[in-house]
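Undergrad: Fit chain G to the known structure of chain P by using the hints.
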Amino acid sequence: MNSTFYTSDFVHLNRQGLFRKGKLLYPKAKNENLDTFLKSIYKELELNYSKFYKMDLLSKMGIICTEILLQENQIDKNTALVFQNNAGSLATDLEHQKSISKSSNALASPAVFVYTLPNIVMGEIAIKHGLKSENAFFIAESFTPNFIHTYTDILLQTNKANSAICGWIDLDSDRYNVFLTLISNNGKIRYTPDNLKQLYTNVDE
Amino acid sequence: MKKAYIINTEIISPLGFSVQENYESLVNGLSGVKQIDNYNYSNRSFYGAQIPEKKLEKAFKDLSANSEKYTKLEKMLLLAVAKVLDKNPNLDLKKTAVIISTTKGNIDALDRNNPFPKERAKLFESAKQLQAFFKLPQTPIVLSNACISGGLAIAVGKKLINHQNYEHAIVVGGDILSKFTVSGFSSFQALDTKVCAPFCKQRNGINLGEAAACVLLNAKPTAAELISIEGEATANDANHISGPSRTGDGLFKSIQNALKEAKLTSSEIDFISAHGTATLYNDEMEAKAFSRANLQETPLHSLKAHYGHTLGASALLETVISVECMKRNQLLPNFNFTQKGTSKKLNIITQLKQKSLKNVLKTASGFGGCNFAMLLKKHSA
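Protein chains in written order, with this note's numbering: chain P, 35 to 239; chain G, -18 to 362.
Chain G extracted, bound-state conformation:
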């Protein structure tokens, strides 16, 4: 069976338009989450993370002269993929699966003031744009599975390389900040009124953000890129469509199944990139699941206080940062954490540390009761 190695990565976010720029922002303790006063998003001021329109336009101009043909989300996705393709000019696209992960796509097209037709809100429309732009031989696969989408999309690419005739997979994910999601999460009273604080006692809800991220998977490693996806699983809580499980059942099960596939035990995990949305119930659920999986001593962070919750991009973006941590053997702190805030013990990373990172666990959970776990392994050269 062919393995799937992560060969290239890219991030387009409020904290930068390259992995390097994003990583430096995290090391420097920057957050993209700011107070936003904009009637187009909300009648009231709120905290969220936004990609500056002008910066995106400027970057996109180098890629295409037809900026007005594409929505904001499409520009983000196209930029992320273009940067990865630039680094791999000889990629055989006929042997490349392309997977797009998004929860809401061009949801802003439903707004009557939006210049794009309503039909553009259909998620496969962005796949068509991507296919035409890069002249892809096949229409990209679109995955929309709530907040685990970005992780699950990597798992889809991995499965296709493992078991099908693909040599490569481009996995790209993105979601935008929109009035649609801001008003929705606000109606749930799920938005924090300041920068969110994952796993912290002071946590009081999420911030929404926007980003695109991309990874290129290869059946063969390169001399410099030796991180593979060894296991992955999803598991439904079968409990509630919007409330996290009180026992962490689904997340626990997905971790167990991913460990089984990777032939690893919890004691071999060096670091966890958690979901950590900063709602009271989600973070508590994660703490329970990690504790049940015997991972309470494993160093852990959530990146949500840096990026906000970027929905269909989040698990993909966080995987890209994990890969970077593994390459540098660095543990990045959980930004905005001050005080233990879960009933079960967790080993929250509070400062930048060097540590040899071989096996890393990435998790995510979302509405619909879905949970996701994935194991990354760094092989020796």
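For reference, chain P alone in the conformation it holds in the complex:
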């Protein structure tokens, strides 16, 4: 126990755009919708990963944000994923609900239904990066850096994971907010609850 871990890298996504280490890399135009914005980054990154287009928005946010997060980092295959959000998979839940409501003639679609779980975004990230690792998806009204730090730190200190991607990834109708961090042995910012909290809030909105 008690190895020291660091925040090696971090990203934010909000209505201003996509930030890496606090720097705005991809500004988002005010009237541009989120899906279009994420697709434009996908194209610019030349990801060539056609599955991306079939994903729901929560998963698209997760894929694009981890792509930027890992751009300059070698990822260990035993990287745990510890995510949290407010709305779960509500955006896709509403889409499925619409298809089964009495007034609608739409049929329930398995391609939609499969995304009605918040942890699917972790599954998509695990597939993209080959991570056969620990996963946990938590729900809270707002980000709880103390708990997310505690849970991730236990995974790291007990060698259940060598590194971790943890943070907040939330989508609720028009509101969205992502903050993901890469925690590993490398870096300068100590991985502490206070630092996690500070990095989360320290971004232009």
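Derived coverage of chain P by chain G (criterion: at least 3 residues anywhere in the stretch with Cβ under 8 Å from a Cβ of chain G; other residues may be distant): (1) 123 to 130; (2) 141 to 148; (3) 151 to 161; (4) 173 to 179; (5) 183 to 189.
Here are a few chain P residues that face chain G, going by a calculated C-beta distance under 8 Å: (6) Asn120; (7) Ile134; (8) Lys166; (9) Ser167; (10) Asn169; (11) Ala170; (12) Lys194.
To give an idea of the interface, some chain G residues facing chain P are shown, with a C-beta separation under 10 Å as derived from the structure: (13) Ile81; (14) Lys85; (15) Asp92; (16) Val123; (17) Ser130; (18) Lys140; (19) His144; (20) Asn217; (21) His221; (22) Ser223; (23) Asp230; (24) Lys234; (25) Gly349.
Treat the hints as calculated values from the structure; they're not laboratory data. Computed from a predicted model, the values in this text were never measured in an experiment. Cβ atoms here follow ideal geometry from the backbone N, Cα and C, with glycine treated the same way.
TA: Below, chain G without anything else, positioned relative to chain P:
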């Protein structure tokens, strides 16, 4: 390091509102899965397991006069926790972590005919209700990790006792039967048209069910309660978001990692409480993973033909039954199994048997490629 012992358990299900009642139903070969013809769930008749509304109302009346303030799921969760707290009136709630496991929470609140506001469908809303009801000093932690949620929530509680300043953890999980999930699994053509048959050649899909289950974990054992959680792990397949791995990779890995933490080998496992949803691919995947882990001779059951798949409650409920099996040194049969139905050998339990049970493996797998394994150990007095 403090260990985490399972001190109390509770189940609210179609097969009973106490562990005793549930266990007797299983021994007597009862199933909660029935044909349901109800337009509120599906335009077509289907097989599922439902908690009778009237029975729940009656039980809840003894707990609270404000029945109309709570959703069905919340009543189930509150009842399960209240029964555990009743048995432990001196529990120091300041030293108690509370964890709620659910996949879909109050998903029925999204339906326009539901009397509750849509916002109630957010999973943390149930945590708020629970906190207010029991005057908890901290907001409960909510975990939503598909069909491994119930098991992983126990692992969260165990980790917090092992490594943090908690003396206790209340882990409660629940999910309801809803049009939302029935229509979704139906669109996958994943629902069996009769009572499901886990691991059986005749298996043809899942039944959905509803239940709540609760366990109380303690850093200290009591004279009568000596079962601890010795190891647990999750592992992602990194293969497909809805299809089980063809090789059982993630489940195999989670079993290996849990064994490693528990310092046990597969030959020391006396019994497996498997996930066994009764879909063609899931049960085949599990058989492969158990075979790779050298567990093909270990007695195994799935409880899905008794309860249906209760999603976020399932692994928690099945752990409670495993604990009961360990206390009684009994192997419960895999209900509705008639014929070997996987390419790899499994030792499916076909009748009630006495057997000394010391080390037990619980597993679960779910959408998103997640897999879970946990080892329970019974210590000698």
